[in-house]
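Q: If you want the building blocks of each chain, they are given just below.
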Amino acid sequence: MIGKKGHHRIAISWLVGASLFFYGWWNPAYLGLILFSILFNYSIGVMLVKKVWSHEKSLLFIGISGNIVLLGYFKYANFFVDNLNLAIGLDFNLKTIILPLAISFFTFQQIAYLVDAYKGKTREYNFLHYCLFVTFFPQLIAGPIVHHKEMMPQFAKDWVYKLNYDHLAIGITIFAVGLFKKVVLADQFALYATPVFNGAASGEQSMFFEAWFGALAYSLQLYFDFSGYSDMAIGLSRMFNIRLPLNFNSPYKASNIIDFWRRWHITLSAFLREYLYIPLGGNRHGKFIRYRNIMATMLLGGLWHGAGWNFIIWGGLHGAYLVLNHSWRTLIGTSAVPLGKFAHIFMIFLTFIAVTAAWVFFRAENMDAAMSILSGMIGLNGISLPNQFYPFLSHMVRSDYIIFNGLAPLIGGGAGKVTICWLVGGLFVVWILPNVQQWLTHYSLALDSSRNERQISWLSWRPTKVWAVMAGLVLGFALLNLKKTSQFLYFQF
Amino acid sequence: MSKRYLIILGLFATLVLSAAVSVNIVYDPAGIYRVSSNSSKEYANRLIQSHHGLFFKSHSWNDRKIKIELAQSVGEVDCVIIGSSHAMQLSSFRKKSSLAEMCEKIFNLAVSGALLEDHIALSFAATNSNQKPNKIIFCIDPWVFHIGKGLAWQNAYPDVYMNALKELEQVDTLTTNSDKFNSAKLSNLLSLEYTIRSIKKAMFLAANGKESIKDAPSFDEEVGLEDSVLLPDGSIIYSAKKIDNSKVFPIPLIEPTYLTEGTYYDLNALDLYRRHIRSLINKGVTPVFLLTPYHPNVWANINSKNRLTMEVVEPLIRKLANQLEIDVLGSFDPKVIGCKPNEFMDFQHATIDCIIRIKNTKL
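Quick mapping for you: the protein sequence lines, in order, are chains A and B. With this note's numbering as the guide, the letters of the first sequence map in order to residues 1 to 493. With this note's numbering as the guide, the letters of the second sequence map in order to residues 1001 to 1363.
Hints are computed from structural coordinates only; laboratory data are not their basis. Check before you lean on any hint, since a few could be wrong.
Claimed, not checked - Chain B side only, calculated, beta carbon under 7 Å to chain A, not exhaustive:
#1 L1006
#2 S1039
#3 I1302
In this text the structure is predicted, and so the values were computed from the model without any measurement. We put the CB at the ideal spot given by N, CA and C, even for glycine.
Isolated chain A (complex conformation) (with noise of 0.2 Å):
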């Protein structure tokens, strides 16, 4: 309403103090952090663009280093200090402190910020349009990681502050889709996944089932709350008339571990590999410094997901996988067949599988509940079957190793067929059928909407009555499920 009449300073100024009272919400005492990160960096911004000092390097340098220095405050301290008491026998006692919400996140898109500017890559520099860059709250909580050069353009632009239907009527759609996946599928596959990864906690040994149901169920979790939050970031934004970059985009159905992480929180990945990878020297040193900076990207790609030495391994795991990946491709060289119809589909179940079992890492609370689950997986903690079986095998089991407490006991009595079914729903969604990039592949969803795969006609959405109807059944199915619902995954990164 404000942006209809003109007043576009009032309109972005109503939404930066939204966006803020959003970020307050949870916690008012960390307001002033994110807004003491705003004005540092877009001073060190404006001095960098406006070429006031000549040591535009050392320049450069400080405000990277500040970023580092309170992400590094927030997030590591404690990790740090755990560890050093216990390399060197020290009792050195931090007081624990409360991770700020999204600070990975407002500090990588910053940090991403100050590099161009130093490049000379981003011009404008409106305060009130870099305070909304930072704090638009669509994607201010959990990315996408949006770069100046992005968002400044679209926000420079008049027709963006007034209220367009058809732009209402796709985000509304995306949005609601995106809340569904989140509060009916993802919180549904929490249910089975946690009591696996909390029994794993406390120390019991996860049997061949369970394991995998766990695990399975986590992949589907991770896929479904990280997907439905990415839907609803770009829903919310396209109602503002602005389009996010796109930051997911079916990754099971990658058949390698490459594909993988670019359809996997891709502007996460082109972040690692602008600011991190490239600067490492990239693949421009011969095979080995190459490897060398895969692993220490994914090393540290690791350690933005938290503070911890499960998201150290997990991000070691995946490096080692892309290595393997890399190797490989050198090896059969470019003149290798293609893959046959049946060998893509063993790519992507192998490229899935690999993934499911790094997650373990990635969700176990320490190494030992991880290390159970795995052993569980690879059937080295026995394989317990339904009580239905007893009378029919019995006879012929005499060890431990099969024992007749239920699929998973772990889940519960009785959960075993629930499960299988959720599970393989869950996989048939993320294998078979199309994203809502191809649904919506008419309407430009993203910034970069070049990587739809293919387009489905019959089902491609349009602002039809049909496809209103759904859309109002799946909007109003999935605020009747708002009741039960978690967090979402990605908040605590």
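Position chain B against the provided structure of chain A, taking the given hints into account.
A: Frame of chain A, contents of chain B only:
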């Protein structure tokens, strides 16, 4: 085009929500929004006079409304049981009678998930009737020492609770959470879980017609009937399906946290409970504390919040009992009572075979 799309989308989203609200109000399985067409008073009267008890469907009847009616017509009994579903099976009517050494005749006023407010209101009602019971056996659950932990009692007997607080001279220091209750009532209208219960009730009514108060026939208590049965003394015998399931399905190694989220206990609640027990003693009633066991898996789970709460609360209960010079029967720990792992229906509900052992475990 898009404007029309948005209108239709909004209409259908509203339609889904309105349908849920309507079905919740119309069928209202917990009796939150409407007074049940079948009177709880009539149910209570019929129950006392019945030979083998009445069928009891939890989605048709509000157990609190029935138990408050029963509390007001306690009559001549030795022992009144007050507590949660953990104590619902305690009975002098069934063949495997409980607490036989202590109570010749039991009247069971236990309600599901009983909170401190339920304990106070039900015992106030039972001791303000014409004839007081000799003893009130309070089944103390790990979550009891909190105020405002839940609001189900608000729907059944807010006035009784208020009067009890007046008697305890606590009315100025405690709020009744009525605002909280009203907002919970509103948000419950948009709860999918409640809507599913409403739909189940609607389907049941469509298949079986309007519910009536049905007498249970003579039956084998070990086997049960197609639905749960409330016996004439207010105790419950679970449905055959539930009894069977407890024999077939294993108890999970990791149980959900049930009402033990947050702090272990609240000092204000503990103080209120102490006043409440003293007031009963002054009325000439003998209070007794009773603890029912949790499954051994809960005790084996070192991270269980239920277990951690029990470890803190059981000594507290014993200390309180010492101060008030009252007896404590049973324990949260099944080993103390001698209950086996296969004597549980789920992680927190012991079977009658376990419960009847409590009589010998006075500590």
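Q: Hint by hint, say whether it matches the structure.
A: Here's how the hints hold up against the structure:
no. : hint  : result
1   : L1006 : holds (5 Å)
2   : S1039 : violated (31 Å)
3   : I1302 : holds (6 Å)
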